[in-house]
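Q: If you count by the working numbering, then the sequence shown holds residues 1 to 184, one letter each, in order.
Among the hints, a few may not be true.
[To be verified] DSSO-like mimics (lysine-lysine), calculated; alpha carbons at most 27 Å apart, straight line:
hint, residue 1, residue 2
1, 76, 14
2, 33, 14
3, 22, 36
4, 33, 76
5, 22, 76
6, 57, 36
7, 76, 57
8, 33, 22
9, 22, 57
10, 76, 36
11, 57, 33
Please keep in mind that the hints were generated in silico from the structure rather than gathered at the bench.
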Amino acid sequence: MDTVGEGLNAALQKAFTRPIPKSAGAQMRYLVKQLKGTRPVAELLGITQRTVERYVKDQIRRPRPDLADRLEREVKRRWQPQIRARAKQTAATTGGIVIDTRARFGYTAAPGTTDDARLRHLTVALPPEYAARLFEAQEQGATEQQLRRIAAEGLGEIYFRDRNRRAHGLDVEFTDVEDIGFDL
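Full structure from sequences and hints, please.
A: Rendered as structure tokens:
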């Protein structure tokens, strides 16, 4: 994963109890049921209403690669919303979230200390309040930069400042993310 938003979505998908529908027809039928009609599905996917109807009836079996990607992404976004909500609630109240990242970390601190940014690979368990902030910001449509800033605050508090037991006033910069993943 390269973005915080994708990583959070992937972590929530690990909580699913059933796999998403495999065939294009089954995925299309699921979306038609969720959106209550073929017209909203057609508008969502950028295809004609008749094409949606043909997928629903299994008259078309294999979608174009770009349509298959859009179809799968939309089904994943709507799949098992109660389980997704329960996983978010658990992470935000009791469990927290584990972040595994390889990125460049720089920081500003007291005079006389180094502030050279270096590449680090960190796996850190963030407390529930940071999980809650990340999920809430994502739901409200926060940008990738805002999500990274929240993750950097959490990593700064837990990894670098050790819950304010050391390095008081240290401000962490989280840049050049090579890889980032989350687990609940």
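Q: Would you mind marking each hint as holding or not holding in the structure?
A: Now the hints, each set against the structure:
1. 76 - 14: holds, 11 Å
2. 33 - 14: At roughly 23 Å apart (the allowed maximum being 27 Å), residue 14 and residue 33 satisfy the hint.
3. 22 - 36: OK: residue 22 and residue 36 at ~20 Å, within 27 Å.
4. 33 - 76: The hint holds at about 14 Å.
5. 22 - 76: It holds: about 11 Å lies between the C-alpha atoms, which stays within 27 Å.
6. 57 - 36: holds, 16 Å
7. 76 - 57: holds, 21 Å
8. 33 - 22: holds, 16 Å
9. 22 - 57: OK: residue 22 and residue 57 at ~15 Å, within 27 Å.
10. 76 - 36: Within the cut-off at roughly 17 Å; holds.
11. 57 - 33: Answer holds: residue 57 to residue 33 is near 14 Å, not above 27 Å.
When each numbered hint is compared with the structure, no violation occurs for any of them.
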